[in-house]
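Residues per chain, in single letters:
Protein chains: 2
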Amino acid sequence: MSLNTQVKIILVETTSPGNIGSALRAMKTMNFSKLCLVNPKHFPSDEVTALAANATDLIEKVEVVKTIDEALEDQQLVIATSSRERKVPWPNEALNIASPKIIDAATKKNKVAIMFGREDRGLTNDELQRCNLHVHIPANKDYPVLNLAMSVQVVCYQLFMDMHLQTIKENSGTWDVPTASSNHVNRLIEHFIDIAEQVEVFNKGNPRQIGARIKRLFTRIGLDEMEVNFMRGFLSAIDKNLNKK
Amino acid sequence: MSLNTQVKIILVETTSPGNIGSALRAMKTMNFSKLCLVNPKHFPSDEVTALAANATDLIEKVEVVKTIDEALEDQQLVIATSSRERKVPWPNEALNIASPKIIDAATKKNKVAIMFGREDRGLTNDELQRCNLHVHIPANKDYPVLNLAMSVQVVCYQLFMDMHLQTIKENSGTWDVPTASSNHVNRLIEHFIDIAEQVEVFNKGNPRQIGARIKRLFTRIGLDEMEVNFMRGFLSAIDKNLNKK
Chain Z
199 MSLNTQVKII
209 LVETTSPGNI
219 GSALRAMKTM
229 NFSKLCLVNP
239 KHFPSDEVTA
249 LAANATDLIE
259 KVEVVKTIDE
269 ALEDQQLVIA
279 TSSRERKVPW
289 PNEALNIASP
299 KIIDAATKKN
309 KVAIMFGRED
319 RGLTNDELQR
329 CNLHVHIPAN
339 KDYPVLNLAM
349 SVQVVCYQLF
359 MDMHLQTIKE
369 NSGTWDVPTA
379 SSNHVNRLIE
389 HFIDIAEQVE
399 VFNKGNPRQI
409 GARIKRLFTR
419 IGLDEMEVNF
429 MRGFLSAIDK
439 NLNKK
Chain P
199 MSLNTQVKII
209 LVETTSPGNI
219 GSALRAMKTM
229 NFSKLCLVNP
239 KHFPSDEVTA
249 LAANATDLIE
259 KVEVVKTIDE
269 ALEDQQLVIA
279 TSSRERKVPW
289 PNEALNIASP
299 KIIDAATKKN
309 KVAIMFGRED
319 RGLTNDELQR
329 CNLHVHIPAN
339 KDYPVLNLAM
349 SVQVVCYQLF
359 MDMHLQTIKE
369 NSGTWDVPTA
379 SSNHVNRLIE
389 HFIDIAEQVE
399 VFNKGNPRQI
409 GARIKRLFTR
419 IGLDEMEVNF
429 MRGFLSAIDK
439 NLNKK
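Note that the protein sequences, when read in sequence, are chains Z and P. Residues 199 to 443 (the working numbering) are what the first sequence spells out, left to right. Residues 199 to 443 (the working numbering) are what the second sequence spells out, left to right.
Only chain Z is shown next, with the shape it has when bound in the complex (with noise of 0.2 Å):
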């Protein structure tokens, strides 16, 4: 399932061109497309362009509206980015909370809109009524307040995420050379131990619990076969050196 054809992005009324380049290449580094301006102040402009960057080919996509209504037409489930409290609550989820119900509601070919307002005064009451749900991104009560395009690169992170929770696990610490087994961790160890004796550096009697802090420091490695090989190889020429003498 693509997010693709299925969420599109709102800004409305955005005074900033370099806000919508940069909400664009935000975009497409979390494999979103659709792009509405609802009544830009500069579209299309050299600035929107220059920080779009890579995400160039998304610019030609964008949609340009008048209205909400025009924006929102066809969208099933509509979403507001919305930092104030109201005072009639709104159904008002934080973003990683909402994300996985956005990204259900996206798999089951629902059309969803989430509206992003101006830099300086966000969405009206009147827009934020049209929406089915409010999205907050969690931050400091302090200073919440995210630059525009740093919230749309926020909310498509954590979509982004959430879709990808599986493959991005599966991807996470590849190695190039197998872990080294159990066993041949604990002949280094012996090895290495051995040595140590040798070199009078260690002491079965030990207070300090010598022999304990070297093992845990070579199971909690991971080691992998490659490293345990070369520190074989080390040890026995250390070995050798030793005992020529």
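Rather than coming from a laboratory, the hints here were simulated on the basis of the structure. Since the structure is predicted, the reported quantities are computational estimates derived from the model, not experimental observations. Some hints could be false.
Since the list gives no way to pick out one identical chain from another, each pair is judged satisfied if it fits inside one copy or across any two copies.
Heads up, simulated DSBU-like pairs for lysine-lysine below, C-alpha to C-alpha not over 35 Å straight-line [claimed, not checked]:
{"hint": "1", "residue 1": "K339", "residue 2": "K299"}
{"hint": "2", "residue 1": "K413", "residue 2": "K309"}
{"hint": "3", "residue 1": "K259", "residue 2": "K299"}
{"hint": "4", "residue 1": "K299", "residue 2": "K367"}
{"hint": "5", "residue 1": "K367", "residue 2": "K307"}
{"hint": "6", "residue 1": "K367", "residue 2": "K339"}
{"hint": "7", "residue 1": "K413", "residue 2": "K442"}
{"hint": "8", "residue 1": "K285", "residue 2": "K339"}
{"hint": "9", "residue 1": "K264", "residue 2": "K309"}
{"hint": "10", "residue 1": "K307", "residue 2": "K239"}
{"hint": "11", "residue 1": "K413", "residue 2": "K299"}
{"hint": "12", "residue 1": "K309", "residue 2": "K339"}
{"hint": "13", "residue 1": "K438", "residue 2": "K413"}
{"hint": "14", "residue 1": "K309", "residue 2": "K442"}
{"hint": "15", "residue 1": "K299", "residue 2": "K264"}
{"hint": "16", "residue 1": "K299", "residue 2": "K285"}
{"hint": "17", "residue 1": "K232", "residue 2": "K264"}
{"hint": "18", "residue 1": "K285", "residue 2": "K239"}
{"hint": "19", "residue 1": "K339", "residue 2": "K239"}
On the provided structure of chain Z, position chain P as indicated by the hints.
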């Protein structure tokens, strides 16, 4: 516990002062305050101040150094942000997977540094090999290139969120009126069906199961007491008018 005093953001050889200002604003929105600049091209600068917005108080606290060695003095866990694959793979984790470990280290009073590289070419191999862990932001594999300040925003957001998970859950979805009791809602439904019968839009033998649909509608909303009372008043007024004639 304050992450503030334990986590330091390091920007290495940043070219654009705008990125430094945006990074400071991003940090402040997520309650981070320690920024260290290694050999920045322009600092201080009016552009830093302009883009820092209401985070200008952090500018005077910025640490400026010439070398990575100075930046990492006393640091106990050093994280590099990087999206590139290396010839010799380093421990590398997705941000959301690394984040709880970073918080855990900070909670245990370790000094944690998170390094961000140059705008155009990131961190050098030497710099990367100074780090305990490489972290990448999960992103579109065809274009994972976040702007520098955006990366700072996302990393700080993820840390802030994981740090305050419980509080975020508690503060999500506050409401001004208590939720209506199940019986209260049930009497509203009976009242509604009674009126629907009177105006002949409801027929108990209806094959489209209107009764179940009405019940599902009113139970699903999660009505509050004020809403139930208002609806009851509304139905009573209709009732009165119907029986006047």
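Evaluation of the provided hints:
no., hint, verdict
1, K339 x K299, "both (24 Å within a copy, 24 Å between copies)"
2, K413 x K309, "between (56 Å within a copy, 26 Å between copies)"
3, K259 x K299, "within (27 Å within a copy, 40 Å between copies)"
4, K299 x K367, "both (21 Å within a copy, 15 Å between copies)"
5, K367 x K307, "both (26 Å within a copy, 27 Å between copies)"
6, K367 x K339, "both (31 Å within a copy, 15 Å between copies)"
7, K413 x K442, "within (28 Å within a copy, 90 Å between copies)"
8, K285 x K339, "within (18 Å within a copy, 43 Å between copies)"
9, K264 x K309, "within (20 Å within a copy, 51 Å between copies)"
10, K307 x K239, "within (32 Å within a copy, 48 Å between copies)"
11, K413 x K299, "between (47 Å within a copy, 23 Å between copies)"
12, K309 x K339, "both (32 Å within a copy, 24 Å between copies)"
13, K438 x K413, "within (23 Å within a copy, 85 Å between copies)"
14, K309 x K442, "neither (77 Å within a copy, 46 Å between copies)"
15, K299 x K264, "within (29 Å within a copy, 47 Å between copies)"
16, K299 x K285, "within (25 Å within a copy, 39 Å between copies)"
17, K232 x K264, "within (17 Å within a copy, 43 Å between copies)"
18, K285 x K239, "within (30 Å within a copy, 47 Å between copies)"
19, K339 x K239, "both (30 Å within a copy, 33 Å between copies)"
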